[in-house]
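S.K.: Chains as they are written, first to last, in this note's numbering: chain A, 1 to 373; chain B, 1 to 373.
Misleading hints may appear alongside valid ones.
You can't tell identical chains apart in this list, so a pair holds if it fits in one copy or across any two.
Claimed, not checked - Okay, derived cross-link-like pairs now, PhoX-like style, lysine-lysine, Cα gap no bigger than 25 Å in a straight line: (1) 233 - 263; (2) 105 - 287; (3) 263 - 287; (4) 102 - 51.
None of these hints come from the bench; they were simulated from the model.
2 protein chains.
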Amino acid sequence: MRIALDAMGGDNAPYEIVWGGAEAAAQTADSIILVGDEAAIRKAFRHRHPKIRPTPDVEALLREGRLSIVHTDESVAMEDAPAAAVRRKKNCSINVCMRLVKEGKADAAVSAGNSGAMAASALFILGRVKGVARPAIATVLPTAEPDRPLLLLDAGANTDCHHEWLREFAVMGDIYSRLVLGREKPVVGLMSIGTEDSKGNELTKHAFPLLRDYTPGIAFKGNVEGHDVFEGKTDVIVCDGFVGNVILKTSESAAHAMGGWLKRVIMGNLFFKLAALPLLPALRTLKHQMDPEIYGGAPLLGVSGAVIITHGSSTHKAIAYACAAGSRAAEHNVSREIEACVAALPEVPLDEELAQQAEAPVPRLVAPEPEKR
Amino acid sequence: MRIALDAMGGDNAPYEIVWGGAEAAAQTADSIILVGDEAAIRKAFRHRHPKIRPTPDVEALLREGRLSIVHTDESVAMEDAPAAAVRRKKNCSINVCMRLVKEGKADAAVSAGNSGAMAASALFILGRVKGVARPAIATVLPTAEPDRPLLLLDAGANTDCHHEWLREFAVMGDIYSRLVLGREKPVVGLMSIGTEDSKGNELTKHAFPLLRDYTPGIAFKGNVEGHDVFEGKTDVIVCDGFVGNVILKTSESAAHAMGGWLKRVIMGNLFFKLAALPLLPALRTLKHQMDPEIYGGAPLLGVSGAVIITHGSSTHKAIAYACAAGSRAAEHNVSREIEACVAALPEVPLDEELAQQAEAPVPRLVAPEPEKR
Numbered sequence: 001m002r003i004a005l006d007a008m009g010g011d012n013a014p015y016e017i018v019w020g021g022a023e024a025a026a027q028t029a030d031s032i033i034l035v036g037d038e039a040a041i042r043k044a045f046r047h048r049h050p051k052i053r054p055t056p057d058v059e060a061l062l063r064e065g066r067l068s069i070v071h072t073d074e075s076v077a078m079e080d081a082p083a084a085a086v087r088r089k090k091n092c093s094i095n096v097c098m099r100l101v102k103e104g105k106a107d108a109a110v111s112a113g114n115s116g117a118m119a120a121s122a123l124f125i126l127g128r129v130k131g132v133a134r135p136a137i138a139t140v141l142p143t144a145e146p147d148r149p150l151l152l153l154d155a156g157a158n159t160d161c162h163h164e165w166l167r168e169f170a171v172m173g174d175i176y177s178r179l180v181l182g183r184e185k186p187v188v189g190l191m192s193i194g195t196e197d198s199k200g201n202e203l204t205k206h207a208f209p210l211l212r213d214y215t216p217g218i219a220f221k222g223n224v225e226g227h228d229v230f231e232g233k234t235d236v237i238v239c240d241g242f243v244g245n246v247i248l249k250t251s252e253s254a255a256h257a258m259g260g261w262l263k264r265v266i267m268g269n270l271f272f273k274l275a276a277l278p279l280l281p282a283l284r285t286l287k288h289q290m291d292p293e294i295y296g297g298a299p300l301l302g303v304s305g306a307v308i309i310t311h312g313s314s315t316h317k318a319i320a321y322a323c324a325a326g327s328r329a330a331e332h333n334v335s336r337e338i339e340a341c342v343a344a345l346p347e348v349p350l351d352e353e354l355a356q357q358a359e360a361p362v363p364r365l366v367a368p369e370p371e372k373r
Numbered sequence: 001m002r003i004a005l006d007a008m009g010g011d012n013a014p015y016e017i018v019w020g021g022a023e024a025a026a027q028t029a030d031s032i033i034l035v036g037d038e039a040a041i042r043k044a045f046r047h048r049h050p051k052i053r054p055t056p057d058v059e060a061l062l063r064e065g066r067l068s069i070v071h072t073d074e075s076v077a078m079e080d081a082p083a084a085a086v087r088r089k090k091n092c093s094i095n096v097c098m099r100l101v102k103e104g105k106a107d108a109a110v111s112a113g114n115s116g117a118m119a120a121s122a123l124f125i126l127g128r129v130k131g132v133a134r135p136a137i138a139t140v141l142p143t144a145e146p147d148r149p150l151l152l153l154d155a156g157a158n159t160d161c162h163h164e165w166l167r168e169f170a171v172m173g174d175i176y177s178r179l180v181l182g183r184e185k186p187v188v189g190l191m192s193i194g195t196e197d198s199k200g201n202e203l204t205k206h207a208f209p210l211l212r213d214y215t216p217g218i219a220f221k222g223n224v225e226g227h228d229v230f231e232g233k234t235d236v237i238v239c240d241g242f243v244g245n246v247i248l249k250t251s252e253s254a255a256h257a258m259g260g261w262l263k264r265v266i267m268g269n270l271f272f273k274l275a276a277l278p279l280l281p282a283l284r285t286l287k288h289q290m291d292p293e294i295y296g297g298a299p300l301l302g303v304s305g306a307v308i309i310t311h312g313s314s315t316h317k318a319i320a321y322a323c324a325a326g327s328r329a330a331e332h333n334v335s336r337e338i339e340a341c342v343a344a345l346p347e348v349p350l351d352e353e354l355a356q357q358a359e360a361p362v363p364r365l366v367a368p369e370p371e372k373r
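Working from the sequences, and respecting the hints, build out all of it.
M.R.: In structure tokens form, the structure reads like this:
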């Protein structure tokens with residue numbers, strides 16, 4: 001597979017990006033197309049990466065065409081208004097990546113840049129998969145079960161969602177979990193505020209019967225709640241992009257705070273500091289297990305092509321894994337599979353009928369309904 | 001202050017509850033009214049609590065009236081439909097607590113029972129504060145800053161919210177943070193998916209100008225995101241009850257998963273196991289700092305009376321802290337302060353005007369608007 005890698009996107013661009021690309025080219029059968037300022041890319045390769053062993057032979061890879069450079073001197077900054085930037089800067093590295101995919105010169109696009117710009121560029125250039133109302137960003141999170149990451153979508157592309165979109169998210173998530181993350185029969189949950197069928201808000205109450213009765217082929221386990229996110233018993237969780245984004249950032253915040261507390265308690269005391277030394281390898285193992293980088297970044301599902309968005313702070317390792325995820329997504333033709341599955345979905349009942357099905361028993365937390373304002 | 005404590009609510013009732021009540025009575029100036037099955041309460045007191053030192057002299061407290069028992073043999077179970085249960089079981093312990101407050105025989109009500117039943121009972125018996133559209137459950141979370149907990153509301157009482165309710169949540173949260181948690185000038189944030197003014201969903205985009213321009217008296221810092229939850233730089237965060245509940249449960253899940261990972265890594269290796277022993281006191285300190293129990297549970301704000309809901313798994317310690325929080329809420333008359341502040345709020349502009357103010361610059365993550373379905 002040929003991966004178009006945005007060399008200019010992300011906090012650590014181009015250094016970590018291009019070396020991550022070189023690592024991917026050296027260690028897999030994929031060839032990597034580095035898109036960006038050629039001079040900057042070549043300069044970055046002049047300082048070998050201390051953490052990649054053995055150091056890839058960049059010159060040889062370039063000679064063999066396993067690594068190549070497509071030059072462009074425009075790029076999108078993190079603070080640019082995403083949609084405007086990709087429209088104005090026609091030849092920004094993200095747009096060039098997408099065009100390579102569109103023209104069949106690459107099989108997947110990978111970037112650690114502005115995720116809004118990625119999504120906008122993918123929509124402009126690649127377009128939506130036929131039948132999909134809204135593409136979604138899916139994020140992969142580690143869970144308490146090693147090797148059973150969670151796919152959470154939408155993680156921020158669509159802040160206000162129609163319940164039908166959640167059904168498409170479920171189908172797309174199921175496909176990605178199967179084909180790229182390798183779960184045989186992914187368990188799909190609907191994010192809500194209690195596991196009982198009737199719990200939730202207007203959106204989830206409408207989405208629930210749709211997922212249960214009108215989405216054949218997925219293993220729908222019903223409502224899940226925040227407690228289920230890291231438990232490792234659900235493979236795909238669907239929610240609107242507002243809730244997904246809040247979940248993602250809150251858990252990063254919680255993990256960070258816990259690490260900080262632990263550090264403060266230990267570093268505040270010389271005895272603890274010394275006692276902690278022998279445990280450093282254990283903490284490193286823990287850090288590795290919790291590392292979302294090894295799961296290959298966040299696919300943008302529902303656009304016509306394999307597109308992977310990685311964290312702005314991605315290191316070479318995250319980039320190499322993201323290239324592998326892009327390669328797998330392209331190899332298994334995730335977009336085509338999404339088109340086929342969405343086309344096969346049964347027709348949705350009228351909103352009123354669905355509301356009736358959803359409404360059956362709806363106990364509310366706060367019982368008597370104060371007058372509407 | 002006199003606290004009506006629901007002796008029958010929670011996973012550890014009545015044992016942990018009644019001993020927590022005795023602890024509060026012994027260590028503070030408050031008197032505690034235990035509401036529940038008298039035989040069960042007396043039986044629980046027969047086994048002294050190993051973790052409370054010194055053991056409170058229950059007989060003396062009862063004799064002096066610092067501790068008293070109001071008998072009732074009905075109670076609400078966790079699996080009961082909340083609203084129906086408090087309507088059907090007129091004399092369930094939760095209802096009796098609320099009636100004691102209503103009749104002026106107690107100053108605050110505290111329960112570790114079914115939170116939906118608590119909210120329903122408070123609404124039936126105490127009613128809403130004049131001018132408040134919807135009461136909210138506010139949760140106190142520890143943050144990276146010691147002694148600067150975060151008040152998050154609504155944590156689950158109202159799943160779908162009108163933007164005007166969020167303004168009331170902000171006012172109520174500000175008051176509780178000042179009067180009970182002791183923050184001088186609480187910093188209030190609106191939960192969104194980015195800190196820029198224009199980021200968010202329909203609800204937050206409408207709530208934003210309301211909080212900025214139509215809520216005098218609060219220190220509104222603008223939008224916050226998941227990353228801010230545990231940072232300790234915001235004192236009150238407002239959101240709808242769906243999002244609040246998801247935040248609460250997701251962070252519990254994240255903390256639990258991290259603890260589990262750490263344990264597994266250390267326990268999986270004899271050397272690490274031995275090396276970890278000297279660090280146990282540090283881990284205990286950490287556990288204490290992260291312990292939400294010490295912040296006194298979740299107030300139900302916007303009902304006419306001081307009502308504190310604590311976690312179902314509350315121990316004696318959580319109960320004692322909750323009684324103290326109820327006492328402070330009653331002492332500072334949080335409900336009356338809420339009524340005064342809500343009455344002083346300026347009138348809200350028409351939804352259309354507000355929409356215009358909200359709409360000014362609305363960049364979307366996914367740029368081109370696919371056709372509406």
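S.K.: Now look at each hint and say whether the structure bears it out.
M.R.: Right, here's what the structure says about each hint:
no. : hint      : verdict
1   : 233 - 263 : between (30 Å within a copy, 19 Å between copies)
2   : 105 - 287 : neither (37 Å within a copy, 54 Å between copies)
3   : 263 - 287 : both (14 Å within a copy, 13 Å between copies)
4   : 102 - 51  : neither (34 Å within a copy, 68 Å between copies)
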